[in-house]
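Add chain P to chain R, keeping to what the hints say.
There are 2 protein chains.
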Amino acid sequence: MAEGLIMTSRVRLARNLKRIMFPHKLSSEQGKKLVSEVEEAFYSDVFREGDYSTLKLWQTDKLSQTSYFEKRLISNNMINNSSKGAVILSNDDSESIMINEEDHIRIQCIKTGYNLEDAFRSANRIDDQLEKNLDFAFDEKYGYLTACPTNVGTGMRASVMIHLPFIATDNKVEESLYALSKLGMAIRGIYGEGSKVTGSIYQISNQITLGMTEQETLANLKAVINKIIIHETRAREVAYKNYKYEIEDRAARSLGILKSAVLLTSSECLKLLSDVRLGIEMGIIKTVSIGTVDALIMDVQPATIQKQVGKNLTKEEINLARAKLVKRKIRNKGR
Amino acid sequence: MAEGLIMTSRVRLARNLKRIMFPHKLSSEQGKKLVSEVEEAFYSDVFREGDYSTLKLWQTDKLSQTSYFEKRLISNNMINNSSKGAVILSNDDSESIMINEEDHIRIQCIKTGYNLEDAFRSANRIDDQLEKNLDFAFDEKYGYLTACPTNVGTGMRASVMIHLPFIATDNKVEESLYALSKLGMAIRGIYGEGSKVTGSIYQISNQITLGMTEQETLANLKAVINKIIIHETRAREVAYKNYKYEIEDRAARSLGILKSAVLLTSSECLKLLSDVRLGIEMGIIKTVSIGTVDALIMDVQPATIQKQVGKNLTKEEINLARAKLVKRKIRNKGR
Numbered sequence: 454m455a456e457g458l459i460m461t462s463r464v465r466l467a468r469n470l471k472r473i474m475f476p477h478k479l480s481s482e483q484g485k486k487l488v489s490e491v492e493e494a495f496y497s498d499v500f501r502e503g504d505y506s507t508l509k510l511w512q513t514d515k516l517s518q519t520s521y522f523e524k525r526l527i528s529n530n531m532i533n534n535s536s537k538g539a540v541i542l543s544n545d546d547s548e549s550i551m552i553n554e555e556d557h558i559r560i561q562c563i564k565t566g567y568n569l570e571d572a573f574r575s576a577n578r579i580d581d582q583l584e585k586n587l588d589f590a591f592d593e594k595y596g597y598l599t600a601c602p603t604n605v606g607t608g609m610r611a612s613v614m615i616h617l618p619f620i621a622t623d624n625k626v627e628e629s630l631y632a633l634s635k636l637g638m639a640i641r642g643i644y645g646e647g648s649k650v651t652g653s654i655y656q657i658s659n660q661i662t663l664g665m666t667e668q669e670t671l672a673n674l675k676a677v678i679n680k681i682i683i684h685e686t687r688a689r690e691v692a693y694k695n696y697k698y699e700i701e702d703r704a705a706r707s708l709g710i711l712k713s714a715v716l717l718t719s720s721e722c723l724k725l726l727s728d729v730r731l732g733i734e735m736g737i738i739k740t741v742s743i744g745t746v747d748a749l750i751m752d753v754q755p756a757t758i759q760k761q762v763g764k765n766l767t768k769e770e771i772n773l774a775r776a777k778l779v780k781r782k783i784r785n786k787g788r
Numbered sequence: 454m455a456e457g458l459i460m461t462s463r464v465r466l467a468r469n470l471k472r473i474m475f476p477h478k479l480s481s482e483q484g485k486k487l488v489s490e491v492e493e494a495f496y497s498d499v500f501r502e503g504d505y506s507t508l509k510l511w512q513t514d515k516l517s518q519t520s521y522f523e524k525r526l527i528s529n530n531m532i533n534n535s536s537k538g539a540v541i542l543s544n545d546d547s548e549s550i551m552i553n554e555e556d557h558i559r560i561q562c563i564k565t566g567y568n569l570e571d572a573f574r575s576a577n578r579i580d581d582q583l584e585k586n587l588d589f590a591f592d593e594k595y596g597y598l599t600a601c602p603t604n605v606g607t608g609m610r611a612s613v614m615i616h617l618p619f620i621a622t623d624n625k626v627e628e629s630l631y632a633l634s635k636l637g638m639a640i641r642g643i644y645g646e647g648s649k650v651t652g653s654i655y656q657i658s659n660q661i662t663l664g665m666t667e668q669e670t671l672a673n674l675k676a677v678i679n680k681i682i683i684h685e686t687r688a689r690e691v692a693y694k695n696y697k698y699e700i701e702d703r704a705a706r707s708l709g710i711l712k713s714a715v716l717l718t719s720s721e722c723l724k725l726l727s728d729v730r731l732g733i734e735m736g737i738i739k740t741v742s743i744g745t746v747d748a749l750i751m752d753v754q755p756a757t758i759q760k761q762v763g764k765n766l767t768k769e770e771i772n773l774a775r776a777k778l779v780k781r782k783i784r785n786k787g788r
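Protein chains in written order, with this note's numbering: chain R, 454 to 788; chain P, 454 to 788.
For the record, the hints were derived by calculation from the structure and aren't laboratory data. Be aware that one or more of the hints could be misleading.
[Unchecked claim] The calculated label-pair distances, taken between Cβ atoms and stated as ranges, are:
| no. | chain 1 | residue 1 | chain 2 | residue 2 | range |
| --- | --- | --- | --- | --- | --- |
| 1 | R | LEU636 | P | LYS768 | 32 to 38 Å |
| 2 | P | LYS768 | R | ASN577 | 56 to 62 Å |
| 3 | R | TYR693 | P | ARG781 | 21 to 27 Å |
| 4 | P | GLN660 | R | GLU699 | 43 to 49 Å |
| 5 | R | LYS524 | P | LYS768 | 44 to 50 Å |
Note that the coordinates shown come from a computational prediction; the quantities given were computed from them, not determined experimentally. Don't be surprised by glycine CBs; every beta carbon is placed ideally from N, CA and C.
Just chain R, with the same shape it has in the complex:
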């Protein structure tokens, strides 16, 4: 059950180069030069072009940028810096190095499921490679220096995307939020700070980067997550005991609607996918895999839909295309 609740685990490391101004102060030219330097430092025997590729935002259109954002491969900050921002991406999209985001370098590794260690290991590997060839701004007392003081220290933000439909309906989110902030953790919507919660999917992350090691931070975060999982699991058990058929009904008819709808808005679609995911997690739905649902949660976003179709669409056309995509994927069970 625990595994099922967590969609992805993510570790992000913020790094900056000595003697270069932070990105927002760099001209486009200076920024592009930095991109070349990072590329040079990264591509090597270990990290080969072909397995990774560089996406220069100034060479992409708005639609592609938004789609990368929807897939969490780049941040909103990057889009605003698109004249100098770039990202080095692994072929499977699980590893990325954002260049000229808020910081010069943001290494980000995303693994499916509850795999914070794996994500950290991958991020570390990239960090080591870059550190070999670049001169990082590092202070013996404070650690890595960053554009925003909240990242100084380890420069690490670790997080999981977690599916909490019952805690969510239970009005316990507010409560959890408060408790988490006291523990130096934050619970937020899927797109980070200030983003709306959709489909009962939350992001739980560490807030403190100073005064503890990466391993301590991960251990603290995991302790908190494990507690939340226990809460959610208990809430489910109680609910299922009292509302067995209602819960089965919600899962089954959500799947029925996803299989049959002609129009689907983004928010309804995420809500239905959340209900289906819950159905799978609780063993009610057996004909669709969690992987299919999770892939769809990313793929049904408006820009990603338009990118897939290959052109700009009206709102209604997007809703039509979304319903078609979902139908095809769900009926094919994700093939």
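Positioned in the frame of chain R, the structure of chain P alone reads:
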């Protein structure tokens, strides 16, 4: 299209015997005696036991009575008169003779589709047979005498059950109601006077029984129905032009929900069946027949569900059984 909108056509003839008090004044014993007399008059070379059977309400339980009511085979009045009420029923349920309803005899014939003439012919045939052997209260000036003066004359009420989802959403029902009453017609819910409209299904019937022949009444009723059909059809065409995908979406997801739900309340079920029926009528849904939907509209009623299961159920159990029944019938396409 016109054929599709009309679910059933019904003709009912009210008859009373001379020199016998109206049913509400009869003792149980007197009532039962009347039942025997009607049976004797009816069963013959033309109407044979085996093709028809008599259902004596005092020999049935409450659940069966309600189920017969839900299927429109007996009236609410009959249930209140169950100590002396009976009904002679054809095996296919399309012809019935209620005994000791408001009147001594109510012949009722229901045909599928737009078949008022057929229904009238069948009712007439039964009427002729009964009149051969019974002494009907008939006045040269007024025609057939009935317990309620609104039925005096032909004693005939002809009606259709018609599916009008667009006139219904169009707020034109009020308008039609007013126009119809001026024409001596009434538009009502599926269970007659005072009954709620469910699933956009209406009953349109003549109100006047005095001063015109049966044929004139039928002709008038048909003229009104044809106009309503034109209104509904136009409303659909306009709506489909403007909201093609929304209409397709509603039909498709309603079918999706019927195929997948675990719990279905009666009113939601009728609403969904109405949407699916509309989808079939408009050529959007091709995998389910109108016959299947119409049969379900009758079969999903609470008492009928319980009768099928064979015992009294809780509300939740009924909703569960209803969802199961619908799923089976819709997936089997009504076999």
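Going through the hints against the structure:
Between LEU636 (chain R) and LYS768 (chain P) the beta carbons are some 45 Å apart, a value that contradicts the proposed interval 32 to 38 Å. Here the CB-CB span from LYS768 (chain P) to ASN577 (chain R) is close to 59 Å, well matched to the stated 56 to 62 Å. Between TYR693 (chain R) and ARG781 (chain P) the CB atoms are about 25 Å apart, so this pair conforms to the stated range of 21 to 27 Å. In this structure the hint that GLN660 (chain P) and GLU699 (chain R) lie 43 to 49 Å apart at CB holds, the actual value being about 45 Å.
At roughly 46 Å, the beta-carbon separation of LYS524 (chain R) and LYS768 (chain P) lies within the given 44 to 50 Å, and the hint holds.
Violated hints amount to a single one, hint 1; each of the other numbered hints is respected by the structure.
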